[in-house]
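Chains as they are written, first to last, in the numbering used here: chain A, 1 to 523; chain B, 1 to 523.
FYI, nobody ran anything at the bench for these hints, they're computed from the structure. Please note that a few of the clues may not be correct.
[Said to hold, decoys possible] Residues of chain A clear of chain B, computed beta-carbon distances all greater than 12 Å:
#1 Arg135
#2 Ala168
#3 Pro184
[Claimed, not checked] If we take Cβ atoms under 10 Å as the criterion, some of the chain A residues that face chain B in the derived model are:
#4 Gly23
#5 Gly81
#6 Arg95
#7 Arg128
#8 Val284
#9 Phe287
#10 Pro298
#11 Cys301
#12 Ala302
#13 Thr392
#14 Ile396
#15 Ala435
[Stated by the list, open to error] On the chain A side, residues computed to face chain B include the following (Cβ under 7 Å):
#16 Ile36
#17 Met48
#18 Ala50
#19 Asn86
#20 Ala109
#21 Trp172
#22 Gly174
#23 Thr177
#24 Ala189
#25 Val330
#26 Thr333
#27 Gly394
#28 Gln471
#29 Ser477
Keep in mind the model is a prediction, meaning the values are calculated, not measured. Note that beta-carbon positions come from the ideal geometry of N, C-alpha and C, so glycine has one too.
2 protein chains.
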Amino acid sequence: MTDAGGTPMTGAQCLVRTLIASGVDLCLTNPGTSEIHFVAALDSAPEMRAVLGLFEGVVTGAADGYARMSGKPACTLLHLGPGLGNGLANLHNARRARVPVVNIVGEHATYHRALDAPLTSDIETVARNVSPWVRTSRDAASVAADGAEAVAASYGPPGQVATLILPADVAWEGPGTVADPIRPRRPAAPDAGRVEDVARTLHAAGAEGALLMNGAALSEEGLVLAGKVAAATGARLFSDTFVTRAARGAGRVTAGALPYLGEMALGLLQGTRHLVLVGTRAPVSFFAYPDKPGALTPEGCAAHTLAEPAEDGLAALAALVEALDATGAVPVTAPEERPPLPRGALTPETVAQVLAHLLPDQAIVMNEGATAARAVPGLLARSAPHDWLDLTGGAIGQGMPAATGAALACPDRKVINLEADGSGMYTLQALWTQAREALDVTTVIFSNRRYAILEMEYRRVGAGDPSPATQGLFDLSRPDLDWVGLARGMGVDGMRASTAEELARGLRRGIEEGGPYLVEAVL
Amino acid sequence: MTDAGGTPMTGAQCLVRTLIASGVDLCLTNPGTSEIHFVAALDSAPEMRAVLGLFEGVVTGAADGYARMSGKPACTLLHLGPGLGNGLANLHNARRARVPVVNIVGEHATYHRALDAPLTSDIETVARNVSPWVRTSRDAASVAADGAEAVAASYGPPGQVATLILPADVAWEGPGTVADPIRPRRPAAPDAGRVEDVARTLHAAGAEGALLMNGAALSEEGLVLAGKVAAATGARLFSDTFVTRAARGAGRVTAGALPYLGEMALGLLQGTRHLVLVGTRAPVSFFAYPDKPGALTPEGCAAHTLAEPAEDGLAALAALVEALDATGAVPVTAPEERPPLPRGALTPETVAQVLAHLLPDQAIVMNEGATAARAVPGLLARSAPHDWLDLTGGAIGQGMPAATGAALACPDRKVINLEADGSGMYTLQALWTQAREALDVTTVIFSNRRYAILEMEYRRVGAGDPSPATQGLFDLSRPDLDWVGLARGMGVDGMRASTAEELARGLRRGIEEGGPYLVEAVL
Chain A
1 MTDAGGTPMT GAQCLVRTLI ASGVDLCLTN PGTSEIHFVA ALDSAPEMRA
51 VLGLFEGVVT GAADGYARMS GKPACTLLHL GPGLGNGLAN LHNARRARVP
101 VVNIVGEHAT YHRALDAPLT SDIETVARNV SPWVRTSRDA ASVAADGAEA
151 VAASYGPPGQ VATLILPADV AWEGPGTVAD PIRPRRPAAP DAGRVEDVAR
201 TLHAAGAEGA LLMNGAALSE EGLVLAGKVA AATGARLFSD TFVTRAARGA
251 GRVTAGALPY LGEMALGLLQ GTRHLVLVGT RAPVSFFAYP DKPGALTPEG
301 CAAHTLAEPA EDGLAALAAL VEALDATGAV PVTAPEERPP LPRGALTPET
351 VAQVLAHLLP DQAIVMNEGA TAARAVPGLL ARSAPHDWLD LTGGAIGQGM
401 PAATGAALAC PDRKVINLEA DGSGMYTLQA LWTQAREALD VTTVIFSNRR
451 YAILEMEYRR VGAGDPSPAT QGLFDLSRPD LDWVGLARGM GVDGMRASTA
501 EELARGLRRG IEEGGPYLVE AVL
Chain B
1 MTDAGGTPMT GAQCLVRTLI ASGVDLCLTN PGTSEIHFVA ALDSAPEMRA
51 VLGLFEGVVT GAADGYARMS GKPACTLLHL GPGLGNGLAN LHNARRARVP
101 VVNIVGEHAT YHRALDAPLT SDIETVARNV SPWVRTSRDA ASVAADGAEA
151 VAASYGPPGQ VATLILPADV AWEGPGTVAD PIRPRRPAAP DAGRVEDVAR
201 TLHAAGAEGA LLMNGAALSE EGLVLAGKVA AATGARLFSD TFVTRAARGA
251 GRVTAGALPY LGEMALGLLQ GTRHLVLVGT RAPVSFFAYP DKPGALTPEG
301 CAAHTLAEPA EDGLAALAAL VEALDATGAV PVTAPEERPP LPRGALTPET
351 VAQVLAHLLP DQAIVMNEGA TAARAVPGLL ARSAPHDWLD LTGGAIGQGM
401 PAATGAALAC PDRKVINLEA DGSGMYTLQA LWTQAREALD VTTVIFSNRR
451 YAILEMEYRR VGAGDPSPAT QGLFDLSRPD LDWVGLARGM GVDGMRASTA
501 EELARGLRRG IEEGGPYLVE AVL
């Protein structure tokens, strides 16, 4: 095909046009030589916004956060196998979040691979771990159609990572062919019989029934429906320990997250005899421990699937409300009860109180605060309405990048990134992208200067007390990290807070002035 | 087995003992819950030094640098598939460097995998890309023998990455069995007939002969032998563009590196009719470009393999010297000709002059300076004797970690890390490990605030002139990185240099005072 001026279009140009027509208009990238023709194609496609990350883990984590808040994929543009490898951990998290992401991974020219040049590697194999859909484009005539298929695959349902490998000569050759844009497939609603069964079960179970939810069921609309189910039957409402996105805060129906520790989750579910799964699977322990169970459905409790993750959890809840004749039921919603501003020393509790006191309306809260943020969700549930995003796949280094992507998706909303110091160090380069793009992200570093979760886990796995040498592996002091210095080094202003008063001042500054800001909360 | 006190040993304890007995006494790690029993086993094994990295790319890159300088593997300890993924790019570089690395990758307990907990992934598939030897341990009785096999596999020859996946229950169960330690296999010498053929060819070729070398051939001893070959035959001496390790500097035989740009490499080899390969393969272009050749052996030139990468390049050169009857030949060595200290503005040339003027004796120079460091090798060749390490696999983010590992291997030598700003941002967390371990590394950041190589490549691939939007993707300003602030944020002191005089002052400070230090050379 030719462009408006009659010039034949390259494969890369046709691919970019097709992506844009399919609704993909954000390219998150750290490109290299093999991707330059794709970069050049962006020049003639101003509808596609290109955003640079200084490390690929930033790029892929931002694609995850963007998809969670926009409901559609961004495309990444990555440099061969190593570039994809650098982004793998956050693609793992995106896979667990079940969100759509389209990777474009540059590759050597088709005829160059046989030479085994230094950057040659088996890109398809790297991709397969996180990406059920993988394809290497063959020629300029078919690459745009490959791109459209990648977008379609990314939507699933459920959402997933799709990876298109783009050899350099496929990108630079022409004339290519623009392909028809795709529209996402809608997830299917569960069949009526299953809904009827669940309705009967919950009706009979009363307070011994419970819903465990993730995905669309945790949207504001989904939670209203779940609240009607609870009001009509007495069932309790829970979410997965780590959610892709949940509507929370005052005026909303609360679905408490299952605790991270298996014994606590089992304790909370004790007395539940019927656990209904909506957009998730039966709960399991995050890790195995000697002499502790891995499956967390209590003895004597039956699990019932109302909607698989690939199905329409929202439609399933609506059908369940109908089946229960509960459309008129009045859900219990959380009142607004903000704690007063605390004074004095910073603790996990006082940090949570400051956050709950000051949270602005409709904020997006990305949580990678690990153990130190444990008090936050409970208090925020009665603060301003907000969207809550979790680290979904356990691969730390998601918070700063996903907050960056959420801010790209929602420029009119405040993003608050709750970040553990150990996790934050994985992908701190995201702060630079926040500065360059002037993104409205306030980062709160929970600076306890250690991998506190590992100290706890060391004892839980039965290894006894760590020696001083082992403690050194869990310790982030010697030397202390200076997070304000690190942030300023990347163009993000910030302050260190050692008291609740200082944290309140810093958080206010971040919230009120807009743009990126960082507060190091020294615990 | 039981320990000295009669307590049964876990699988992890037996593995650690066997690694130590096999000569592996450095564990580079960022552990998680699934690795805690290995961490606990380190408590009873003080012979194994454990060093923490704040990101796995630091861990694997340090293992590469350590292996280059010590000749033996360190073990990494990584957290499941995502931890390995984060280390993949530098394992790719280690693979291309052909150095031994032993990965220990924690995994869920064997019975926990079926639950598909959030961190579950296909670790073997992630590993295969970089690691020809991959095994998942089955039980505590066999895990130590698996570890010994992994060490043996890592030595090759040639050296390679070996990956042992360690399920948590295999680590924590017992009693395990300690295995016999291994001794590395020696590479084989090439057969005499091949040596005779090459000797005859070079003898006849005179100045139309050349050697292209990598690996052990570039050791001081290997280069003396190559120098005798050159003296006896007139052959020219070259190294690969990117070398694992080369002895360079005054008093040594110089083997100039082939230029990065294919057309320049072809130009340099013009007139060569017989190219003898020692520890490497025939040269190829790093990337493909429209209308440029990928193979860089000139027309009319025959390539002859004296020693494959898996063979003993040193023994091959010694045999070649014998076959040429050249044991008494006197190699040409580089004189010491340090440039005077320049004054005024910093340019790639003046930076190189300052380095060549001040380089201390027996330094280890890790080069990831990209385009801005182009003038350095030529000037350092006539400065103090040193070991030179390159980015071998093209996956940027190797310099700071590999410098860290080199310093761990050689605590009595000064490490100078020449680092491009774009590459340095990939794995800047290495600076924290340098601070914690008080490593003697002076980092020189070539701060040109852009991916200059991509600007050049954009034109070379025929894409024309980049638009302002595209230039933004090659640009590391807006905001500028403050490298001194970043370093101080991780406990490494530093200074910014805008003139040659300032750079000299900073470099002297780094060299004379010891410990980690960073100089940002603003170009």
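Status of each hint after checking the structure:
1. Arg135: Holds, because the least Cβ-Cβ distance between Arg135 of chain A and chain B comes to about 17 Å, which exceeds 12 Å.
2. Ala168: 6 Å, violated
3. Pro184: 25 Å, holds
4. Gly23: 20 Å, violated
5. Gly81: Holds, because the Cβ-Cβ distance from Gly81 of chain A to chain B comes to roughly 6 Å (cut-off 10 Å).
6. Arg95: Cβ of Arg95 of chain A sits 8 Å from chain B, so the hint holds.
7. Arg128: Status holds, d = 6 Å.
8. Val284: OK, holds: Val284 of chain A within 10 Å of chain B, min 4 Å.
9. Phe287: For Phe287 of chain A, the interface hint holds, since the closest Cβ of chain B sits about 5 Å away, which is under 10 Å.
10. Pro298: 16 Å, violated
11. Cys301: Where the cut-off is 10 Å and the nearest Cβ of chain B is about 16 Å from Cys301 of chain A, the hint is violated.
12. Ala302: 18 Å, violated
13. Thr392: 7 Å, holds
14. Ile396: Since the shortest Cβ distance to chain B is 8 Å, the answer is holds.
15. Ala435: 5 Å, holds
16. Ile36: Holds, because the Cβ-Cβ distance from Ile36 of chain A to chain B comes to roughly 5 Å (cut-off 7 Å).
17. Met48: 10 Å, violated
18. Ala50: Where the cut-off is 7 Å and the nearest Cβ of chain B is about 6 Å from Ala50 of chain A, the hint holds.
19. Asn86: 5 Å, holds
20. Ala109: Hint on Ala109 of chain A: holds, closest Cβ of chain B at ~4 Å, below 7 Å.
21. Trp172: 6 Å, holds
22. Gly174: With a minimum Cβ separation of about 11 Å from chain B (threshold 7 Å), the hint on Gly174 of chain A is violated.
23. Thr177: 20 Å, violated
24. Ala189: Status violated, d = 25 Å.
25. Val330: Cβ of Val330 of chain A sits 35 Å from chain B, so the hint is violated.
26. Thr333: Constraint on Thr333 of chain A not satisfied, violated at 29 Å.
27. Gly394: 4 Å, holds
28. Gln471: With Cβ-Cβ at 10 Å, over 7 Å, it is violated.
29. Ser477: With Cβ-Cβ at 9 Å, over 7 Å, it is violated.
The structure fails hints 2, 4, 10, 11, 12, 17, 22, 23, 24, 25, 26, 28, 29 (numbered hints given earlier, in ascending order).
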